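Undergrad: If you want the building blocks of each chain, they are given just below.
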Amino acid sequence: MVDAALSGFLSVIAWPAIGYLFAGVLAGLFFGAVPGLSGLVGLAILMPFTFAMDPVPALALLFGMFAVTTTSDTIASVLLGIPGTSASQATIIDGYPMAAKGEAARALGAAFSVSAIGGLLGAILLGLSIPFVKPLILSFAQPEIFMLALLGLAMVGSLSGGSVLCGLVAALAGLGVSYVGYAENGALPRYWLGAPYLLDGLPLVPFVLGLFAIPELIDLAAKDSSISKVPRSSVSGGLMKGIWDAFRNWWLVLRSTAIGAYVGLLPGLGGSVVDWVAYGHAVQSASDKDGFGKGDVRGVIAPETANNAMKGGALIPTIAFGIPGSPAMAVLLGALLIQDLTPGPEMLGGKLHVTFSLMWTLAIANVAGALLLMLIARQLALVTFVNGRFLVTAITLFMFMGAWLATTNLGDWIVLLVFGATGYVMKQGGVPRPPMVLGFVVGPIMENALFITSHAYDGLSWLGRPICIVIGAMIVLSLVLGTRWRTRRSHDSKFVHEAQPADPAMSLVAIGLLLAFSIWGLAPTFSWATDVGAVPMITFIPAICLALAALAFGVRDFLEVRASNGDVFPVRRELAQVLHLHLWWISLVGATMLAGQLVAFPLFVALHVRFVVGYAWWTALLCAAGTWVFLHLLFDRALAVMWYPSMFFY
Amino acid sequence: MRFPILALASTVMFLTNFASAVQAEFYEGKQITVVVNYGAGGSTDVLARLVTKHLEKHIPGSPEVVVTNMAGAGGIVATNHMGEVAKADGLTLAFFGTPFMQYALQDPALTVDLSRFVWLGGFGQPTLCFIRKDAGTGAGVESVDDLLEIGEFKLGGYRATSSTDIRMRLGLDLLGASYKHVTGYRSSAKVLAALLQNEVSYSCGSVTLYRKSFEPNLIEPGLATPLWYYSLVDAEGNPVRDPRLEGIPTFIDVHERLKGERPSGILFDSLTAVNNIAVTMLRGVFLPEGTPDEAVEALRTAWSALSEDEEFISDFMSLADEPPSLLSGAEARERLDSLGNLDPEIVAFIKEYAIQE
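The listed protein sequences derive, respectively, from chains A and B.
For the first sequence, the numbering used here assigns the number 1 to the initial residue and increments by one for each residue that follows.
For the second sequence, the numbering used here assigns the number 651 to the initial residue and increments by one for each residue that follows.
Excised from the complex, chain B in its bound form:
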């Protein structure tokens, strides 16, 4: 009996080896350049270098993978480069902070169509909001229930047209809170400093930022309290709760509690549209249009192997304090299409809303 099992095992091994050998032909002895559309050392860059290090192990043919930065115009320069200059030879891979707001708002500087790229996948992150306990002019905030009673407080944002600023404001406007929009901080670190200095008292950030920066410096010392997070919404309009954020309500929960009903209307539709993509596709990984199928196949294999890679997950955990939520290529495409096919009324509304005071 032993012999057939051994034979079977070696046949299986032979077949798997053979299969990978066929795929290996493409990347054998080649070098892949991973382009990052922000400067060295930014959060996109750090994540790109971490992912690249692990992705490299899983690409059949063991190519050499190097990371290079092409910053500019909020990530647009490199995005245009991927569409117009980069060759579709499988040797250039984009790891981008997806410029989806510019895409949704049809920024004239963005000259390429994001949906034409070959998408490998993406990374998502829920966004959390929090407030200083001494915010406003009144008695301060102990929990989210006090939010509408405290008088005017200051919101610390990045840029009027950023997806974070827009969502921060939409949430407060839906609830009818009284706030002043202070924007222009160039990084989350600057927002943290402003919160510590009591220059502003409310802001939102991705869950990684929250865990690694805002929570230890603001929440744990008792200076601030979390309010809600912006969740995905399912087909019935129910919030999709994130098990990693147990104990913190979703925005929809808060709205129901404070206003007695589910949020609706153009403000909420806009919030959902922007949030859906921000939460799931903060960072996207793609290839130029027309990349050979063998290359795409090899990279897809590697990409899906990442979600099983213990080493990668543990490195990611120490950076983000939570396991990665990896998006497949098909899911990434779906998100983009939903953004590309946005109701023109919503696009027009967001455009207008972003610049009004």
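Looking at chain A on its own, in the form it has when it is part of the complex:
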């Protein structure tokens, strides 16, 4: 095995493989940094170039690219509050508040450091685990996957930032949203409103962008300041402090590495939840939890470690059994086949050196990617001190294009705006949004696993499988810990909310919205066949009960605030801003329908920069020209995006 490890290493550092590896790293940093793009898109684009290459350079290029997308995706998550890829959603919860405190450079320093450490240690850990990964992977069949997804959902207690009741309602609603489209089994589409767009369910990226990015953007416009609420001069430390944070929290880094590597290892669950699991673990295991959600560096460290460590984990089942755990792994599998490397037991036997060379590629790329980003972290962090109105222009562009990449359908933008409004109401009302995303992500996994389990095993016999019992115990433990933390805190706050104080009126609106959605979701389930209707039914019934309870508490809070002559509806002061911004966005959508994105976006940028930001005409036109070049080069030439077939241009 040592021989294989060594020869694998030598083949990676030999020229030209190492050159391709670095080219891959550069491409990967780019694909991770732009919201809406991801390692998957990068792989699909780069793969045809590798058809004619030799195996080692080809795989160095692809794996180098793939390794670092979860390093650079932190940039948008921390600086703009938009997830760069879906693996860094959890980073936003604390990363963006850090930016608001002027600590963007610190957050980036910590994130890049732990990305490198997590990627490196994750690869090493898996290299060492190779002899016994096979039984581990094979013991996680559908019942175990169902229980694991349930465990992920039990993390809700830690993700709710205070209000467990609201968190549960949000999580159940998230599950509910995931049921849109064809049922996991049965030919019946659910909740599809007659729109073929919805038959495959809602796409993740527009949903998450709406839920997180739009409320932050509204906030940025309404507060009319830069992202950092404190001036640059009053911030000390920065990058070096972040790097020090990474080493100071070495124990958390190690645990998050293990979480990332081993959760990544399990096909079926894979990377989709690893950032949430690591974040939940960081909160649960911390002795002082009050800073989480308000800019605690540990909330950045845990998910950013895990999402890089996961890459090595995801690789193992792909190459050892031909079982890719994620779409990106499926592409890599295709790349391996083209190189005439057939995944299977041989990859852990006679071709072990190839497996090791892939591990080394991941390790080297992770370190190189992080070092490169460190060099520019300080400059990147300056974004948070830029004029907020100008950022609104720029982020709108990225957000709409990011959402558009999901399925290149106008539906992507409708999802973005609908869940933007939902996210805004939830944020202002203090109803936590992370549980909703988590519910949305694990919903299809749980329903699918439960469906197969119920057909493949007799009755509930699967609950007695040893691993199911262990995970079941962890679920109970997780719930008990979550509740205990709550009761300990409850004396200092009656109705604790997400990061910022809630608006009692908006709180009622948010809970009412989720309640109405749950009732609407429950109604048709009674007439559906069991395979199609049972799971939504057992989701929406508790959702309705919990939402009613939350509504009762909400009304109580509302009345108490009013009785003490407090303001029950502080949000009204920014509603004009909210409408104003939506008017711009809806105009952007309208302009696209008339003339396509290549006309609508530059036009939007020119007008917004001139009239809202207030820059001179020549600046506005320069920005518009820049936008066109950007759209043309990146989306049209490089990505060959399908534009909206507008009325006048096509």
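Everything labelled a hint here was simulated from the structure, so no lab data went into it.
Remember, it's a predicted structure, so these values are computed and weren't measured experimentally.
Yeah, the Cβ is synthetic: ideal placement off N, Cα and C, and Gly gets one too.
Zero decoy hints are in this set.
Pairwise CB distance ranges (calculated):
(1) 124/A x 917/B: 51 to 57 Å
(2) 2/A x 793/B: 39 to 45 Å
(3) 387/A x 963/B: 55 to 61 Å
(4) 520/A x 888/B: 54 to 60 Å
The hints should help you fit chain B onto chain A, whose structure is shown.
TA: Below, chain B alone, put in the same frame as chain A:
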């Protein structure tokens, strides 16, 4: 004597150049967008990108060719797009996992008629079935002869209405095997995992999947054994054997051996109808209705050049482990028409059969 030969040669060269120059006018300096109806990285997408890379070389006028994905509703969203939105200007080409089951079963979500597209051709793949050796409640399976003696075993499928599930079940029902239908696995990789975990013990897959995934992980380690493959059937009802699958019997062979007669009846007619198109037209390549003739001609030229392209065949071989079986446009049309003109009795039967437990 040398002079006339040279003259002849240069005349021929001139004429060929001239001929291609005439065709080149259409695609000169243009960009073709290849639409894939599944997401980036899926098996359809990987194949589309590989084919596109080689097809590009053969299109007169050397246009730039780019690939884009439009996933949704089991490939239906993009199919509707090709029929309703895409312009028939020769600049949009579909490389699709053909939604033929939805077409045959008249899925209401599919709003366009597949037979109205201009078909360039397609790719086919035979489907193989295999079983774990410890399947069932009895002594297990050493060869296909034991299949009916082993008691109930579990079948791992994708979706009740998928062509793979339907064919998997029809085969077993024709033989009278005892099985339990476990479906819902989202990819062949998930089925492989379930087979390795002994969650299910029987499944079927395309020959590429078999060679690249099931064979190295299940058959070679001795965990499972191949049973049969579903072949095409000629006019006399004889199986059309695939030389690439020597040593593995066709389903018809197995039926004759175990039941002493050729399979027949509505179950077999349905199996044949679904299989004929699944085997030959797994993936289809087409243009919107009304695409200009020059464009169609240029692309047909390129398509037929693919079957002679050594580079392409070798790339394809490393992906699929067998040479490509390319279908011409006319053959593709013929297959589709046969599906469009299916006996209503068979359509009704398959619809009913797909959803019954």
